[in-house]
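Residue numbers (numbering that gives the first Met the number 0): 0 to 100.
By construction, these hints were calculated from the structure, which means they are not laboratory data. Yeah, the Cβ is synthetic: ideal placement off N, Cα and C, and Gly gets one too. Keep in mind that a hint or two might mislead.
[Stated by the list, open to error] If you anchor each label on the Cβ, the simulated ranges turn out as follows:
1) 48 to 3: 18 to 24 Å
2) 45 to 82: 31 to 37 Å
3) 35 to 2: 26 to 32 Å
4) 8 to 33: 36 to 42 Å
5) 44 to 86: 39 to 45 Å
6) 61 to 93: 53 to 59 Å
7) 85 to 60: 37 to 43 Å
8) 87 to 26: 18 to 24 Å
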Amino acid sequence: MNEHDSKIAVALEIALDAGVLDRCVKHDIVFEGDGDPQHAFDLGGERLATGALGRNFDGRDDLNEFIAEVVSDHRGEECVRCRELRKPRAPDPATGERPQH
0 MNEHDSKIAV
10 ALEIALDAGV
20 LDRCVKHDIV
30 FEGDGDPQHA
40 FDLGGERLAT
50 GALGRNFDGR
60 DDLNEFIAEV
70 VSDHRGEECV
80 RCRELRKPRA
90 PDPATGERPQ
100 H
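Model the full assembly from the supplied sequences, consistent with the hints where possible.
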């Protein structure tokens, strides 16, 4: 894993822990949670200050940029796979039956 991917993984974990992002237990897809993004910035700052993040980030601004990036990358109020599975499917033209999920 390169440095950028490592920072993204840490920022994602922080955003999930802060409730800003959520993960579908069925499909392991990350989407927007109910938490305030400021909570992720604060939690990240606390972890950075205690040394829990090691030397992965060049400071709080660097960490906040990665948190903002992962939050922005996971917009959506629900798991996209769950949403797709709930959509009614068109009947099969040959049989007239709707496909099963």
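Handout entry: Range hint 26 to 32 Å (beta carbons of residue 35 and residue 2) holds or violated
Key = Given a distance of about 28 Å, which is inside 26 to 32 Å, the answer is holds.
Practice task
Confirm or reject the claim that residue 87 and residue 26 have a C-beta distance inside 18 to 24 Å.
Solution key: At 19 Å between Cβs, range holds.
Problem - Assessment of proposed distance window 18 to 24 Å (beta carbons of residue 48, residue 3) - result: holds (23 Å)
Practice task
Take the C-beta atom of residue 85 and the C-beta atom of residue 60, compute their distance, and say whether it sits inside 37 to 43 Å.
Solution key: Holds - the Cβ-Cβ distance for residue 85 and residue 60, about 40 Å, lies within 37 to 43 Å.
Handout entry: Consistency of beta-carbon spacing, residue 33 to residue 8, with hint 36 to 42 Å
Key = violated (22 Å)
Exercise for the section: Given the hint of 39 to 45 Å, check if residue 44 and residue 86 actually sit that far apart at their C-beta atoms. Expected result: Since the Cβ atoms of residue 44 and residue 86 sit about 40 Å apart, the hinted range of 39 to 45 Å holds.
Practice task
With 31 to 37 Å as the target window, see if residue 45 and residue 82 comply at their CB atoms.
Solution key: holds (34 Å)
Problem - C-beta pair residue 61, residue 93: status relative to the range 53 to 59 Å that was hinted - result: This hint holds: roughly 57 Å between Cβ atoms.
Checked against the numbered hints listed earlier, the structure breaks hint 4 alone; every other hint is satisfied.
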